[in-house]
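For chain P, the structure is supplied; the task is to place chain H on it using the hints.
Protein chains in written order, with the numbering used here: chain P, 1 to 272; chain H, 1001 to 1253.
I should point out that these hints are in silico values taken from the structure, not numbers from a laboratory. Worth double-checking, as some hints may not be accurate.
As the list claims (entries may be wrong) - Some but not every residue of chain H turned toward chain P, in silico, with C-beta under 7 Å: (1) Val1150; (2) Arg1152; (3) Val1154; (4) Val1157; (5) Gln1158; (6) Arg1167; (7) Pro1172.
Small disclaimer: the values here were computed from a predicted structure and weren't measured. Where is the CB? At the ideal position from N, CA and C, for every residue including glycine.
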Amino acid sequence: MSAPPAAALHDNPPHASLRGVVRRYEGRQTVHALGPIDLDLAAGEFFAVVGPSGCGKSTLLDVLSGLGVPTEGSVTLEGKPVRGQVPDGVGVVFQEDSSFPWLTVHDNVAFGLRRSGLDRTEVARRVDHAVGFMGLAQFAGHYPPQLSGGMRQRVCIARTLVQQPRLILLDEPFGALDQQTRLLMGDELLRLWRDTGATVLLITHSLDEAAMLADRVGVMSARPGRFIDLVETGWQRDRDSRIVSDPAFGPLTARLWTSLRAESLKTMGRAA
Amino acid sequence: MNRRIAVLLVRAAVLAVLVLLLEVLCRTGVIDPLTILPPSAMVAAMIEQLASGDVTDAMLRTFSTVALAFLAAVLLGTAIGALVHAVPRLRRAIEPLLASYYSVPTFVFYPLLVALLGLSMAPLVVLGLLSAAPAVMISTLAGLDSVSPVLRKVARVQRLDFFRTLRWIVLPAAMPSLFSGFKLALSYSLIGVIAGEFILSGNGLGYAISFAYQSFDNRAMYGLMLFVLLVAIVANGVLYTYEGRLAHRRRRG
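Bound conformation, chain P alone:
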């Protein structure tokens, strides 16, 4: 089932659009990984994607960011086509630790800004702000291997945030963290989203995380990944992890699970 365009659901104009996007990997055996996908992300929207393992969630992120090229269909960002090159204004946080072990936390965060032509004082101001925002001020002179996994992931988020991207793509950024840290990181992410007004697309395995953080959750089918359900959470913009105790939270995750259960069973080779 194709997703209804987000523009119909939100007042904001679409920030990014995917039209008829299909991704196949050619080889000895052609693997149909994704699509067809139609999706509009409204500007300033927080969109989460959930789906069974191997359903093409990361492929979706690759195609949307310009890291990958769709086999069919088109991707547009701010009205311009995206194809094989990451456009200006896009930040990506990956599931794996992508901090640079040879640079201090401060230099990791400053990495992109130093190449952007900004003057030194402005770079230092923005980096200090981002490092402080992520609770890393005490560790600015440390190297990533001296930090915990959660702190390293915060370094990567700060490195993305400091460049003030208009579209932030997050590929299971909290996958390796424990539950409490995940909830707190979710709060930080919401704060960052509210403060920057960026559009966010979050890929996650966790239904609770998707339900807690997003304005809309897209549920994907087993491979080839397609959206089988789009759920509006209806939360206020000003929210945090305490929303898990809201009476509407349980029915919301229950709906996501109902949509996802049959697909997850398919990936395990079992009938629904």
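Relative to the frame of chain P, chain H by itself:
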């Protein structure tokens, strides 16, 4: 006490005891002083040799040959290693040869090199290069393998071009492996050059040691041997310390 300093002290103490033992054995006549000089006499002979200025030319020649061989090995080894890494088919063909390379005695090619390049510095540079470059190639392959694919993705998200990706991401990420290769390359080029001088050259420290040996000049021979040994230890020590600093940053605190 810092663990690292304690280890260094123990190591130095073991070495000092061995040197002292050799000194005592030589001085008491257990070891014939004609066979091995007491270490104190070796040091005195080395200082005499260096102060006399007789070996200055040989030193300059040897060290400039080693430096050339080392630089060539680093540049060529890294470039060829990167090329082989970029072409998987080439890598599949070459990697088994590289793995067994050090079972080939490269010195057997020395007469051929002299025939081709003459009795100049060139065959020695090539010999040093042949000894050192494969180590750099192997470490370059390992280093490039160690660059996580996600870092290459970050380079693309940061919209870095090929050379900036190399300069800012790939080289720093691969540096620990590359540096191990450079360290080996220095040792191998020193060994290659001095051994080459020893066998067939008419100049350099290797030749000076060989000449002293054939003239039964034990003092000169041991003095020069000690000097070469100290140079190798100091050069490796400098690289080892720098490598330690690099690794320290990347270690879990």
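When the hints from earlier in the document are held up against this structure, which numbers fail?
The structure conflicts with hints 2, 6, although it agrees with all the remaining ones.
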